[in-house]
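Asks: Turn these sequences into a full structure, and let the hints steer you where they fit.
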Amino acid sequence: MSKRLPAITAAALLAVTLAACGSGGSTGQSAQPAQSASGPVTVTMWTRAATQTQSQRLVDAYNASHKNQVKLTVIPTDNYQPRIAAAAGAKQLPDIFAADVIFVPNYTSQGLFLDITDRINKLPFKDSLAPSHMRLGTYEGKLYTLPHTLDLSVWFWNKDLYKKAGLDPEKGPTTLKEFAEQATAIQDKLGKDGKVHGTFFGGNCGGCYVFTFWPSVWAAGGQVMNQDGTESLVDKPPMTDVFAIYKTLYDKGVSGPTTKEEQGPTWTGFFPKGEIGVMPMPSTTLGLMPKGMDIGVTPIAGPDGGESTFVGGDSIGISSTTKNADAAWDFLSWTVSDEAQVEIMAKNKDVLARTDLANNKYSAEDPRVVLINSLVGKGQTPYALKFGQTFNDPQGPWLRLAREAVFGDPAKLTQLNEAVNQSLTQ
Amino acid sequence: MTHALNSRGSRRRQLAGMLYATPTAVIVGALFIAPLVLVVIMSLNKWPLLGSPTFNFPKNYQKITDDPLFMDAVWFTLKYTAIITVLLSALALGLALLVQDRRPGVGFFRTAFFLPGAVGFAAAALLFYGMLNNDFGPFGFLHVNWIGTPDMALFSTILLVLWRFAGFNMLILLTGLQSIPVDVYEAARTDGASRWQVFYRITLPLLRPTIALMLILSITGSLLAFDQFFIFTNGGPDNSTVSMVMVVYRNAFFRFDLGGAAALSMVLLIVLVALNAVQLRILRGPR
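Chains A and B are the protein sequences, given in the same order.
Residue 329 in the working numbering is what sits at position 329 of the first sequence, and the numbering runs on without skipping anything.
Residue 179 in the working numbering is what sits at position 179 of the second sequence, and the numbering runs on without skipping anything.
Rather than coming from a laboratory, the hints here were simulated on the basis of the structure.
None of these values were measured; they are calculated from a predicted model.
In this text, a Cβ means the ideal position worked out from N, Cα and C, and glycines have one as well.
A couple of the hints might just be wrong.
[To be verified] Chain B residues, not near chain A, derived (Cβ > 12 Å throughout):
id: 1; residue: SER89
id: 2; residue: THR111
id: 3; residue: TRP146
id: 4; residue: LEU206
id: 5; residue: LEU207
[Stated by the list, open to error] List time: in silico BS3-like cross-link candidates among lysine-lysine, alpha-carbon distance up to 30 Å:
id: 6; chain 1: A; residue 1: LYS260; chain 2: A; residue 2: LYS177
id: 7; chain 1: A; residue 1: LYS412; chain 2: B; residue 2: LYS63
id: 8; chain 1: B; residue 1: LYS46; chain 2: A; residue 2: LYS142
id: 9; chain 1: A; residue 1: LYS91; chain 2: B; residue 2: LYS79
id: 10; chain 1: A; residue 1: LYS260; chain 2: B; residue 2: LYS79
id: 11; chain 1: A; residue 1: LYS412; chain 2: B; residue 2: LYS79
Replies: Following this line, the structure appears as structure tokens:
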């Protein structure tokens, strides 16, 4: 007996680990059985912390005005995909869940969302729903998701620092080269004390690179992948030109010293502190900037001009295992209604899920919001079935490649790009 | 007559024994045997998130060696295990020897050394992440790049693990130290043994079973390392601190390759069982 004890202990420890991993989803809300047809229904919904603010506002307003209720559970952003996977495996998905729009093709191909083609087709404003979100929510001709939140990448510049550095505070960069010049000027004039830096980016964060660097490629008329998301073009210009400009900024110390280590959770935290001259930022953070801070917003440009953006954010769908599809759709369709879009999203400076409402009574108050809304049609959302494991995963091949390009030896890109291609087609 | 009574008595004892064992058997069955069987079945199939699995043995096992991330993780985990086990054992033994005697104030030090063990490991990893962050942590003025290079990331993780587990391992050794009869020490001292001789000839040999327990816990725990690398270094920089369990996790929950992850788990299980068997044989020594 004693001979076998350690083996059994070891095996038991492993089993506990596995059981712990596997049971991740069972702590969540399971789909509740539908109540009697007339009575109110409570539907469960999951969202990730990154877009919690917007989801919470919508849910609160819906609950206040409807008999049916939505019970929202917010999950830490980094754990969201594993939680969805665990819940799906245990058939414990909530009735409704939002997802980072770039993961949607993978989820639809795995059958996690319910087909809502017929329901969407009945919406009178169907053709005005944010086009890139709708494209990624379409799988084999059927529609599975609605746009939930939109988060666009733009350049923010700090007008106070521009003034102090002797730059024109009303003129943001119109090309990536100008961006680099202005960031360098800030660094040279104000960076002596080590507090202020010309620029910043998430140097150890795959999703950050995608969100902030790729628009410069699109603005230059280039592409990062083929149409089907099966072949990577990131070892060729204009991607390599964009890498080279950021590499120079890092090598010259224009980008903050922790750029190389930034894993993502804090990459947007430096700009609001007034420490950064100019950098790419998510549009959703505009409403969260400190009051009184004078911020300019301009579209991301390519090395020599053009403009584009990464149309990110969340899509929302009904889970394929729900028993409350009708009640879930009632909430979903309400979130894209005129009332919810204007009185909740627009009022709080959020980008709208519908292009036909871009000019509303709130948008005119802030020209920066008008600018961001106007980018929805110009930006892109890349499509790839294996997006997450290739580009977002910290152990994925893209992060290796991007770090080599910016901090290491750009000559290795061709070789590293093979791993990206392999991951896209696996 | 007597014979019949005896057999009835032993049958009753058997029944009672089975009744006593039932709760444990049920728990082991539900929490260990059932998941284990499920993992074996999963590892033989292509297992989608939703929908029905399709049998694909031995594909999940064949592709293990094709994954460079996993092969790197194997070497990294072994390296980490070796370093941690040596350092942790030495530190724990040192601490245990420091606080083994009843002296004024020893209770304070025992508590102080053990206290980090009361912090959840994930919380401890997050604590170090904050503490060693140069932008927000208290040591930013030192300008030490704690997790920026592969060597520093490993070094910082080792600091974290030592801080978190040294006290716990000290406690294990302390129980062993205190079970050594005082007479043995007194006899040695009467014979004129030096401090070193007492330690080498008496303390260490009599501590052998306790050290064996500590080593098994340490090696098993290190081979299954996950929290510290998942939370503290996130496998970085450049995949230099990816442990085996992190690859299992990535395959299951980021790549949705549940069958492949199950196959990796099986390999890990077999390695662990084998290692522990070997370890126990060596540590038990000649009888």
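Asks: All hints are to be evaluated individually against the structure, with a verdict given for each.
Replies: Cross-check of the supplied hints:
| no. | hint | verdict |
| --- | --- | --- |
| 1 | SER89 | 17 Å, holds |
| 2 | THR111 | 27 Å, holds |
| 3 | TRP146 | 9 Å, violated |
| 4 | LEU206 | 18 Å, holds |
| 5 | LEU207 | 18 Å, holds |
| 6 | LYS260(A) to LYS177(A) | 21 Å, holds |
| 7 | LYS412(A) to LYS63(B) | 26 Å, holds |
| 8 | LYS46(B) to LYS142(A) | 25 Å, holds |
| 9 | LYS91(A) to LYS79(B) | 39 Å, violated |
| 10 | LYS260(A) to LYS79(B) | 25 Å, holds |
| 11 | LYS412(A) to LYS79(B) | 27 Å, holds |
Violated hints, listed in ascending order, are 3 and 9; each of the other numbered hints is respected by the structure.
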